[in-house]
Amino acid sequence: DILIQLRKQEVQIKDIVSETEHLTEENAILRKELEECQHQESLKEELTIREDKGKGNARMEEEIARLSDTNEKLEKELEEHRRKLKDMVSENEVRFEGRKNEER
Numbered sequence: 008d009i010l011i012q013l014r015k016q017e018v019q020i021k022d023i024v025s026e027t028e029h030l031t032e033e034n035a036i037l038r039k040e041l042e043e044c045q046h047q048e049s050l051k052e053e054l055t056i057r058e059d060k061g062k063g064n065a066r067m068e069e070e071i072a073r074l075s076d077t078n079e080k081l082e083k084e085l086e087e088h089r090r091k092l093k094d095m096v097s098e099n100e101v102r103f104e105g106r107k108n109e110e111r
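Counting from 8, one number per residue, gives the positions in the sequence shown under this note's numbering.
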């Protein structure tokens, strides 16, 4: 009777050991999957950061282009003002010379 009980317990122990080994293997597989998921999540976060930087760079490039256009317009206006000032100076010189001649 005791031998039968011992055999039953031995079978139960073997079943438990087998189940424990199976669960250990399954646990190892799940850990690998978790690590892979964490790695993929990390890659996704890095990609998001890079995309955000790319968007920021695109906005900066647009702003640079806009400022460059504005700068060109201002340079043209400045050149026009310089030309007008030169013309005014020339006219004043002519008038001044004319007055000097009249005074003589």
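These are calculated hints, taken from the structure and not from any lab test. Every value quoted in this text rests on a predicted model; they were computed, and no experiment measured them. For each residue, glycine too, the CB sits at the ideal point set by N, CA and C. Do not rely on the hints blindly, as some may be mistaken.
Using C-beta positions, here's what the derived DEER-type ranges look like [stated by the list, open to error]:
| id | residue 1 | residue 2 | range |
| --- | --- | --- | --- |
| 1 | Lys-80 | Glu-109 | 39 to 47 Å |
| 2 | Ile-36 | Gly-61 | 30 to 38 Å |
| 3 | Asn-34 | Ile-11 | 48 to 56 Å |
| 4 | Glu-26 | Thr-55 | 53 to 61 Å |
| 5 | Asn-34 | Asn-64 | 43 to 51 Å |
| 6 | Arg-14 | His-46 | 44 to 52 Å |
| 7 | Arg-14 | Ala-35 | 50 to 58 Å |
| 8 | Ile-71 | Glu-110 | 33 to 41 Å |
| 9 | Glu-70 | Glu-109 | 30 to 38 Å |
| 10 | Leu-41 | Gln-12 | 52 to 60 Å |
| 11 | Glu-26 | Gln-47 | 36 to 44 Å |
DSS-like mimics (lysine-lysine), calculated; alpha carbons at most 27 Å apart, straight line [as the list claims (entries may be wrong)]:
| id | residue 1 | residue 2 |
| --- | --- | --- |
| 12 | Lys-93 | Lys-107 |
| 13 | Lys-83 | Lys-93 |
| 14 | Lys-62 | Lys-51 |
| 15 | Lys-15 | Lys-39 |
| 16 | Lys-91 | Lys-80 |
| 17 | Lys-39 | Lys-51 |
Query raised in the report: Out of the numbered hints, which ones does the structure contradict?
Result: Violated hints (numbers, rising): 3, 4, 7, 8, 9, 10, 11, 15; every other hint is consistent with the structure.
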